[in-house]
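Between the sequences and the hints, there should be enough to build the whole structure, so can you do that?
With our numbering applied, the sequence shown closes on residue 928, and no number is skipped along the way.
Hints in this document: simulated from the structure, not taken from any laboratory.
What you are looking at is a predicted structure, and each value in this text was computed from that prediction instead of being measured.
Straight-line Cα separation of at most 27 Å, BS3-like style, residue types lysine-lysine; simulated pairs:
| id | residue 1 | residue 2 |
| --- | --- | --- |
| 1 | Lys795 | Lys773 |
| 2 | Lys773 | Lys818 |
| 3 | Lys468 | Lys183 |
| 4 | Lys920 | Lys803 |
| 5 | Lys920 | Lys850 |
| 6 | Lys396 | Lys429 |
| 7 | Lys523 | Lys512 |
| 8 | Lys473 | Lys183 |
| 9 | Lys328 | Lys161 |
| 10 | Lys539 | Lys560 |
| 11 | Lys499 | Lys468 |
| 12 | Lys928 | Lys886 |
| 13 | Lys842 | Lys801 |
| 14 | Lys784 | Lys795 |
Computed beta-carbon distance windows for the label pairs:
| id | residue 1 | residue 2 | range |
| --- | --- | --- | --- |
| 15 | Gln167 | Val515 | 36 to 46 Å |
| 16 | Arg324 | Thr476 | 39 to 49 Å |
| 17 | Thr628 | Gly128 | 50 to 60 Å |
| 18 | Arg771 | Asn618 | 24 to 34 Å |
| 19 | Ile398 | Val515 | 22 to 32 Å |
The beta-carbon is built from N, C-alpha and C at its ideal position, and this holds for glycine as well.
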Amino acid sequence: MYENYRANPGRVPDSWRDYFDALQYVPAVDGSNAKDVPHLPVINAFSDRAKQGGTKVVMGSADAEMGRKRTAVQQLIAAYRNVGARWADLDPLKRTERATIPELELSFYGFSDADQEAVFDTSNTFFGKNSMSLRELMNALRETYCGTIGAEYMYITDQAKKRWWQQKLESVRSKPNFTAEKKLHILDRLTAAEGLERFLHTKYVGQKRFSLEGGESFIASMDELIQRGGSVGLQEIVIGMAHRGRLNVLVNSLGKVPADLFAEFDHTAPEDLPSGDVKYHQGFSSDVTTPGGPVHLTLAFNPSHLEIVNPVVEGSVRARMDRRADPKGLQVLPVLVHGDAAFAGQGVVMETLALAETRGYTTGGTVHIVINNQIGFTTSDPRDSRSTLYCSDVVKMIEAPVLHVNGDDPEAVVLATQWALEYRMEFQKDVVVDIICFRKLGHNEQDTPALTQPLMYKKIVAHPGTRKLYADKLTTQGMGDTLGDDMVKAMRAALDAGKSTFNPVISNFKNKFAVDWLPYLSKKWTDAGDTAIPMAEWKRLAEKITTIPESVAPHQLVKKVYADRAAMGRGEIPVDWGMGEHMAFASLVASGYPIRLSGEDCGRGTFTHRHAVIHDQNREKFDEGTYTPLQNVAPNQAPFVVIDSILSEEAVLAFEYGYASNDPNTFVIWEAQFGDFANGAQVVIDQFIASGEVKWGRVNGITLMLPHGYEGQGPEHSSARLERFMQLSADTNMQVVQPTTASQIFHILRRQMVRNLRKPLIIMTPKSLLRAKDAASPLSEFTKGMFQTVIPENKVLKADKVKRVVACSGKVYYDLVKRREENGHEDTAIIRVEQLYPFPHKAFGTELKKYLNLSEVVWCQDEPQNQGAWFFVQHYIHENMSEGQKLGYAGRAASASPAVGYSHLHQEQQKSLVDAAFGKLKGFVLTK
1 MYENYRANPG RVPDSWRDYF DALQYVPAVD GSNAKDVPHL PVINAFSDRA
51 KQGGTKVVMG SADAEMGRKR TAVQQLIAAY RNVGARWADL DPLKRTERAT
101 IPELELSFYG FSDADQEAVF DTSNTFFGKN SMSLRELMNA LRETYCGTIG
151 AEYMYITDQA KKRWWQQKLE SVRSKPNFTA EKKLHILDRL TAAEGLERFL
201 HTKYVGQKRF SLEGGESFIA SMDELIQRGG SVGLQEIVIG MAHRGRLNVL
251 VNSLGKVPAD LFAEFDHTAP EDLPSGDVKY HQGFSSDVTT PGGPVHLTLA
301 FNPSHLEIVN PVVEGSVRAR MDRRADPKGL QVLPVLVHGD AAFAGQGVVM
351 ETLALAETRG YTTGGTVHIV INNQIGFTTS DPRDSRSTLY CSDVVKMIEA
401 PVLHVNGDDP EAVVLATQWA LEYRMEFQKD VVVDIICFRK LGHNEQDTPA
451 LTQPLMYKKI VAHPGTRKLY ADKLTTQGMG DTLGDDMVKA MRAALDAGKS
501 TFNPVISNFK NKFAVDWLPY LSKKWTDAGD TAIPMAEWKR LAEKITTIPE
551 SVAPHQLVKK VYADRAAMGR GEIPVDWGMG EHMAFASLVA SGYPIRLSGE
601 DCGRGTFTHR HAVIHDQNRE KFDEGTYTPL QNVAPNQAPF VVIDSILSEE
651 AVLAFEYGYA SNDPNTFVIW EAQFGDFANG AQVVIDQFIA SGEVKWGRVN
701 GITLMLPHGY EGQGPEHSSA RLERFMQLSA DTNMQVVQPT TASQIFHILR
751 RQMVRNLRKP LIIMTPKSLL RAKDAASPLS EFTKGMFQTV IPENKVLKAD
801 KVKRVVACSG KVYYDLVKRR EENGHEDTAI IRVEQLYPFP HKAFGTELKK
851 YLNLSEVVWC QDEPQNQGAW FFVQHYIHEN MSEGQKLGYA GRAASASPAV
901 GYSHLHQEQQ KSLVDAAFGK LKGFVLTK
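This is the structure we're talking about:
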């Protein structure tokens, strides 16, 4: 077939022609651009020669042996590039024995001492010579790949990236060549790092600080990253890290005044937050000078959950990139600092890496730095610390190169950092610098590590320290006999005065991309928001978002959805949930509020109610043929971005939290596929969303949409675990709502943005109500009114005849109304609590006071008694009751599982709880 193609491309099928066309652009095996020739004449020539007796190759044994050796030399070069790092000098404690790797020995290839001076072709290396003796080549390979930098990069698929690394490493043989001035600066950074730790150790004995001693080269690495980053055009660097070395970074990298840090140890610093947090969780930001201009530095706040800050940082960086219209991240850099044990052990690391190359979450590459103290918290046996060779092996899933470097060679650390930054800026890909060091003290300053690591700590006790080793090295280079001691004295004097010897911070610098949070502070949840829109605007927007271009052929089901929505826009039929949601989004982007909606399958919606993205059924390529009506609302509208995320909850939600933490003007929404899938992101909810403001003063307006409702779908697809959010609710930290109509979802979505209150919004969204006619709303409820925290009884009842009020939230309301109509309970009013927290006392109390002869209040819920809202709202309800009134419960019995898996049992339970709402009070009854 290929021969036919060569003769006439039109004679082969289209699919094969496309394939053969592509082959014409593949370089020849010799790397040239030579074009292919017809194969048949060549084949025939060999066939004829074979018939004539073939071609006999005559080669002397010496020539054959030399050919074998040439091949072996190329195998040797490849071996060092692939596994030379296994022999690198990386351990400052020199505890590990060199691995047995025959491929790195000359004898493996049949070479002997007699071959040492033999000259071979080395034109495919970057050692600066086209040919080298075997002895020279071996020295060059070992210097490059087995020194204090061990490079891993050969698993990268892209040949250009591999050659880039070969050029960087081999051209200098992995050895820096710094000026005397540069070396003095590195020593200064080591002295600052060690000096701060020793000062704190003596002045604040026994206080936790998670010392960096043993890993001081990390501060030199950070300094290089910041200063060189400014030189290559970076304007912002966002850093995420856990405890180890955090205080050192605050002072010696971000420029926090030492006196301010000491005040936190002395408990004299301001304590103006409801909760606050320990000093080694605190964040910070500053603007520092660099050779390329000012760079804004941010250290993200982080709880004790170590790597959970990674996706938060990435989200914050993406928000900054979007604000700057910087899609490649050439102005903003994420830097993630890891511990070796956490990097290998925490699943969120993998989840975050999985986001790196996706359209909705890429940040143009992250520089990862590992403070590898080789101990893994308190793991006493290294065989228990991980299942991989290196702690960084997880990054190979995205082909990120890794530079392992000996922390006792600070110049090598700085060089590796330079290369890492250059690689990231060149290719917009992740890269890792693994600084192999040690931990001089215990996990914290109250720990005695020798209890479980006696061998390691004998070595550590005898180690003079990285700063001392480097100072002595510079002394031998003739840079001053008292150089190190002089720097130590100057650092101690500065710290005694509460100052630092090096302070690059710029005061009062104003960045045009900085966010002004003042309008969003000190707001009350009761503040009003104008969420209705004029009829004319409604109809204009409705027409825009229901018009599909003729060039797009939607699926027939989607076509029907949009035809119905057009009718809803004209007021011909009630507005359903999907249209209410869409109109909220349309009105917001038209008013200048960007929207970022992400989650698994959220473009369509898990229950196919949304259809925000229309897929052309006639498209021929996967990456074209989509149309998003909400991106076509108005000429100068704000962006509407909808992202079908990877199958991750923890990293994706944390990313969106990070995004919202840096952009109060963007409506950031994360939707769970099912509400209980938020389980996988519980750390984010507990440590950031619920408590970030009271711990760190971080205001955040992220919205969570969590499908919730008992429809017989079993334990894992019924409950969004409402009770967990209720338990976390305090200090007016967030809003928890459960809307039951299309107009309510419209108003609550708009309220989240048109008010300047930025608090997390947790929405228990429905499933069956998405298409239920009872949950649809008349058009008038969108052009008038607002979100109702409590929806009163909407049936005309004689108030003086009402003896019981059934209060509820969510889908169960419609079951209660149906039962009341069937049985004629005219003495029972049903009210819906649409906002569960902050509890709307005024609105709820007003409803109870309408019924002068009220004697009983019943809380009815779908969830089991130990779940849902019951345990949290009962005291709120009791507070609003009058003396003598009784409070009862109607719902499922307490259960270890959120819901049953048997459909018949579900139906029985549902009938029973609805009957109980109208029956005699049983079980727990509380009298006011």
